[in-house]
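Novice: Protein chains in written order, with the working numbering: chain P, 1 to 148; chain D, 149 to 809; chain V, 810 to 1135; chain L, 1136 to 1475.
What the hints contain is simulated information worked out from the structure, not anything from laboratory work.
In this text the structure is predicted, and so the values were computed from the model without any measurement.
Cβ atoms here follow ideal geometry from the backbone N, Cα and C, with glycine treated the same way.
Be aware that a few hints might be false.
What the hints assert, rightly or not - Which residues of chain V face chain P? A few of them, derived with a C-beta cut under 7 Å, are:
| # | residue |
| --- | --- |
| 1 | Gly-912 |
| 2 | Ala-1066 |
| 3 | Pro-1125 |
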Amino acid sequence: MQVEKTQEFRPKIVAFCCNWCSYAGADLAGSSRLAYPADVKIIRVPCSCRVNPMFILRAFQRGADGVILCGCHPGDCHYTTGNYYARRRMTLLFSMLDYLGVENGRTRVEWVSAAEGVKFSTTMNEFVAKIHSLGENVRLGDLRCKKD
Amino acid sequence: MQRIGVFVCHCGTNIAATVDVARVVEAAAKEPGVVHAEDYQYMCSEAGQLKIREAIKEKNLTGIVVCSCSPRMHENTFRQAAERAGINPYMVEIANIREHCSWIHKDIEEATEKAVILARAAIAKVTLNAPLQSGTSRVVKRALVIGGGIAGIQTALDIADAGYEVDIVEKTPSIGGRMSQLDKTFPTLDCSACILTPKMVEAAAHDKITIYTYSEVEKVSGFVGDFQVDIRKKARSVDMSKCTGCGVCQEKCPSKKTPNEFNRGLNTRSAIYTPFAQAIPNVPVIDRENCIKFKTGKCGVCSKVCQAGAIDYEQKDEIVTQNYGAIVVATGFDTIKLDKFDEYSYSTSPDVITSLELERIMNAAGPTKGHLERMSDHKPPKSMVFIQCVGSRCADKRGKSYCSKICCMYTAKHAMLIRDKYPDVEVTVFYIDVRTPGKNFDEFYRRAVEEYGVNYIKGQVGKVAEKGGKLLVQGVDLIDNKRILMETDMVVLATAIEPNPDVRKIATMLTASIDTNNFLTESHAKLRPVESPTAGIFLSGVCQGPKDIPETVAQAGAAAVKVVGLLAKDHLVTNPCTAKSDELLCNGCSSCEKVCPYGAISYEEKEVNDHGIRETRRVAVVNSALCQGCGACTVACPSGAMDLQGFSNRQILAEVDAICR
Amino acid sequence: MQERLIERAKELLSDGTVVRVLGWKQGDLGYNPEPAYFNSPEELKDFVYDGFCGANLSKYMIAAGKMEGNTLVFLKPCDTYSFNQLIKEHRVNREKTYIIGVGCKGTLDIDKIKNAGIKGIESISQDGDTLKIQTIYGEKEFPFNDALLERCTVCKGKTHQVYDELIGAEEGEEAGPAGNRFEMVEKLEAMTPEERFAFWQNELSKCIRCNACRNVCPACSCLKCVFDSNKFDSAQKANVDTFEEQMFHVIRAFHVAGRCTDCGECSRVCPQGIPLHLLNRKFIKDINEFYGPYQAGEDTDSRAPLTDYTFEDVEPGIVTERGGKH
Amino acid sequence: MYQIKKDRLPELFAAMAGTQDLFLPIRKADQTNYGLWTEEVQVDLDTLKTVKSGKDCFFPQSETLYSCKKEDGKLSIDPAKLTDEPFVVFGMRACDVQGLKVLDNVFLNDPVDSFYAARREHGTVVAIACHEPEETCFCKVFGIDAANPAADVAAWFVGEELYWKALTEKGEALTESVKALFTEADESAVEEEKKQIQAIIEKLPFSHLDLSRFTPERTMELFDSPLWEEMFKPCLACGTCTFVCPTCQCYDIKDFDTGSGVQRYRCWDSCMYSDFTMMAHGNMRTSQMQRFRQRFMHKLVYYPANNDGMFSCVGCGRCVSKCPASLNIVKVIKKLGGEA
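So here's chain P without its partners, still in its complex pose (with noise of 0.2 Å):
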């Protein structure tokens, strides 16, 4: 462990991004060259309501540092009302992970459309930044899961 203090903090964070609205941003964020740190890896999903709260959970069980979650604008939705769903399930989840004593910077909501690639990109710039200052995930990860 002392060892690894010395290295550099990579943190792991996993982007959970619509089809329709936020995957498609960071496409567009990719044909733009918008940079972003390598350390975010997007996983698409066909809608925001897909995600459960269990993925998040399990993200950060398995020593993710920061979980963000992107879907179309409300009243956007390709879908109509998934976003709404998701909305409130991580309002009340990420309100849970607070209460808990997680602290709150490592789980994040963003509306991402087809077309704001550069918000896409200055999101996770953001997020990224916000997760070193908060530095490894502790509170929330399985011992099991670490490598030693």
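Put chains D, V and L on the given structure of chain P with help from the hints.
Specialist: Below, chains D, V and L without anything else, positioned relative to chain P:
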């Protein structure tokens, strides 16, 4: 056990320049289940696809992962390739190592490491993929066009000519749109009405076209092939079947003080009105807010003078419900409000007008019967100043960041027409750049300068002030690098255009996406410019982005072709990534049903055998023809009985695990 | 009141309205009555209704609804919220249920009495505001209100939400203290994240994953819990790592969010005394604040907060804005 | 016999913990459970019964058996280390000590459970006599004397003193290591305490339960009793009784995928759980009645039949106070035994 093949694409240098593809291949080959891994220049090419097909056959692959560009780009390509080689197309996963990796990272080490992880996640997912079969859904052979301007009319005509029913819904009392307000069109200077009116008449007369004017789309449900739409036909207060369009009611109407929208408020109209002479339908509407009868209960002049007995004060809004296979949005544009541009004195001086107002002034049917005059004193101007880019290409939040595209050309047109008709009027144009790409466009502009002596000044205007009946214009000339202070009689502002403000509401109903400027987003900026990312929704005209009439008409035709292509099908293949309920886990609590936007979930009393326990249970059943695969139900379900095929809980968890490993 | 309940139950059994009675049966320690079915008027001799009848019988009605014939069930005011919620979720059969709403003056927590050092309890009786406790070490007294279960000190509602008839309902109406049920949640919210984390670590690390909280919970009515199935690879069963407890309790609370009536059974039955209701109440408090007051079980047709939305709902960022302490 | 003032116990704990791990009842978040002693913990010897018995000092609720890893196509297996250092468990009660004997019969007979055996070999148990037994206690029914705990060391609290008596070789060794803190004591005070304890036990409500009907010969009769159908009804199918029980020994073996490998661990399981006997073909106990019956038949009939009449209940009464539905083995004994 799955036998997985991994194919890493170089995409020329797009990927290979930043991602060490050989290392990705090497790392992927070590993952459990992977029995084949290779890289190639262009996986999407025929040669690349052949490699995939051969590997599937030779190595008996059960699933493949392609590490390439976004799945939004080529997922279908690779699915088809897999299918051709005999495996289920849904046994394919894409690792997006271009848009999400090579294009945004510079460091090869970092990008390669990330590409390996993305590949790993895709491998972990495909290991849990199951073959999926698509179903079919019906196609209603009728299209809806929202907006009755030139874009909507052209789209409707093209669809109707191909033999399909089309309905046009237009918010105002007549079709025609912005183009009907224009006087002449560039670069040919032919009269706008002369080319538009025949199209309007043709649409009205077409036996496949139904026009709902003074109507709005109220509710949209369903999906591609079978949308159900509620159209609100607002009460016109005039019986369309009886009205002869004689116009007496408008003449006699005692309430004549309402600003005339069609003439951009430059004059007034009666409370019962048709917006313009060539309106289609030529049936007036009563503007109930300004009608004395509706306001006070007394009056009824129109009813008294109407020979046909067409006036009906009791008429109510009516809802028409209709099913459509496709919907085209052609909601057009408006000019922006100028309340944030006080420096031009638009709100204080009647002689500062917008270009669209100038169109009305120049038009023979306009408020001045076509005579160029100042609105303050009705005197002909001796000099005029045109200011370009008012609110366009605007760095601050007051205006729009984009170029409105049409202003340079119509300003040249205005300048030319004025110099032609009133050669003694001095015309000066302040511009940032003159943008004239397009056939005969630059020639047109040069004619304005060279033949008609329009004075173009490169520079911006800082202030317009009224002074002794004149307008004082302060600007700069960037070429001569000097300040300019000039007196003029009229100022015309080339006001930025913006999408019709109603488009937000419509886009929400259609679940079509919109960009930060409220323009509807196209499915692909280059390759699918007239399709919305939402299947079955098409875009026509300025609602998608600024464009002039020929471009609009071309796009309208393109949208029509896409609609016809869709309506020509008898059924559509549905997305097999639908929700599925495990009846042994379902306790029938109804949570899933409540969040389903498609009403795809119902409940059945079913006999189940739960590991030896036989009983009748209330369980959820998904109608896969209705399910669109959003997954809302899967999270509402606490027991995990509801899962989404293609994006199952375990598949997503496997991706999470692979990424966090 | 016990006698009135027995009389009425006998009538309903005899006239064939119901074929069985679900109530509480006298235990063997004076404080351990158990939920029980009574199939004949004779069996009702063991029927008891006193302060130790804390068990919420609503959930048993899932099983009772599948039995032949109608069932009479006794429900305290707070139990009726659970029953209503179960109706809403199609888990119980209202037609086959005859509900007698019974008055409640609050139910008791034997551990509060024992923690006060009272040992060797032989019997407990109530004398006005005082409990008279016979022990092998002599007779002791204990104030009734001090022995109330936490949930009863902050009783959320003294009126029955669903019933066929009421017996003694008036007795409970003015009884008991009515504290602010969110007080402890507020206290936790006011702590620093480090303190909150320490608090929950301390509490949740006691968890032995016995599933009592889940199995007693009327909202946890899944046929197979996700923590027992392979759907999410979450059937870990053990408490190997602190994460396991966090995961289990957060998800369980989340799954019942908007459905939990705050009946408090989870905390009542936890063998390790973990204040599990504080998790549920946090969700209830958040729901009330974010989406407007909502009490699960008050009705059978409203949309639950998590299956509902408005365009103007708060954004998840509210958590950071409000928390602000990181 | 030795004695030490109660207020010097921290010194005793420090001395024992100086050379080995010391487990004892610790108060945490208002509950008392066994835990590792450090200077910071709050030792609680007043609570008669810890929530979980001391069982998990020898048979922990979860323990890793081995981990395996696959790297570059090669599989490596790393077995978990067996306990090889001595440790002390301080504060167990007579019933819990008997509970260990029940476990011994299961885990130390062939095939020997090496993890349990290693802990038993290295663990020394110091048990305390129950000064004030409670109404839920019924150890007497199983022939256990709460006044004379049969551990490596027996201890008594009398007034301000702790009395200490080694009963086994391991006990002697432990005593030797901390002897400096003790003073010699005579047994009279302890004898008086024992009498008092036994007198209280006589008065306890469950001290005279009749077990005579629970014999191997009556197995089928008891198994087929219609009373089960009535008794199980309130059971919530949770595992509380199992997990607080000092004699329950069932476990499940599961794999945990850590992302970089797999940890195979075992954890307590409960016969009350619906998937307890789930096998490939299905489940042989499909109803809660069957599961409920299994638990009590095992404790009262099957186990004694296989272990020379030793019941696998020690009368600690934890299930009596912890069952969410107020069910417990006493109610079963009374009902089936014909008392109620």
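Novice: Please list, smallest to largest, the hint numbers that this structure does not respect.
Specialist: 1
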